[in-house]
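Colleague: Sequence:
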Amino acid sequence: MVDIFALALSHGLIALAVWRLLQRPDLDREGEPPAPRRAPRGQGMRVPGLVAEPQSEEDAHTPPPGAPGA
Numbered sequence: 000m001v002d003i004f005a006l007a008l009s010h011g012l013i014a015l016a017v018w019r020l021l022q023r024p025d026l027d028r029e030g031e032p033p034a035p036r037r038a039p040r041g042q043g044m045r046v047p048g049l050v051a052e053p054q055s056e057e058d059a060h061t062p063p064p065g066a067p068g069a
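Numbering (numbering that gives the first Met the number 0), first residue to last: 0 to 69.
Read the hints as simulated data drawn from the structure, not as lab findings. Every residue, glycine too, gets a C-beta built ideally from N, C-alpha and C. Some clues are possibly wrong.
[As the list claims (entries may be wrong)] Here are the in silico distance ranges between beta carbons for each label pair: (1) G48 / H10: 45 to 51 Å; (2) P47 / L20: 33 to 39 Å; (3) I3 / P35: 44 to 50 Å.
Kindly generate the complete structure, drawing on both the sequences and the hints.
Modeller: Laid out in structure tokens, this is it:
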């Protein structure tokens, strides 16, 4: 009984994924460039160890957190 349920569930989820993929509107367009993706607003990507450029004169004279003498 559990084997039948597991098979039905897994095959049902695969069928659902295929159905949703077939309903995508971009499958009907051939040769068109994809729509440009908008960059998320906010602070952007943060890279560990990379010091950002100061935004103001006051920030230029303040050592970054974790710097020696801070």
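Colleague: If a hint holds in the structure, say so; if it does not, say that too.
Modeller: Taking the hints in turn, this is what the structure says about them:
| no. | hint | in the structure |
| --- | --- | --- |
| 1 | G48 / H10: 45 to 51 Å | holds, 47 Å |
| 2 | P47 / L20: 33 to 39 Å | holds, 36 Å |
| 3 | I3 / P35: 44 to 50 Å | holds, 47 Å |
The structure fails none of the hints (numbered hints given earlier).
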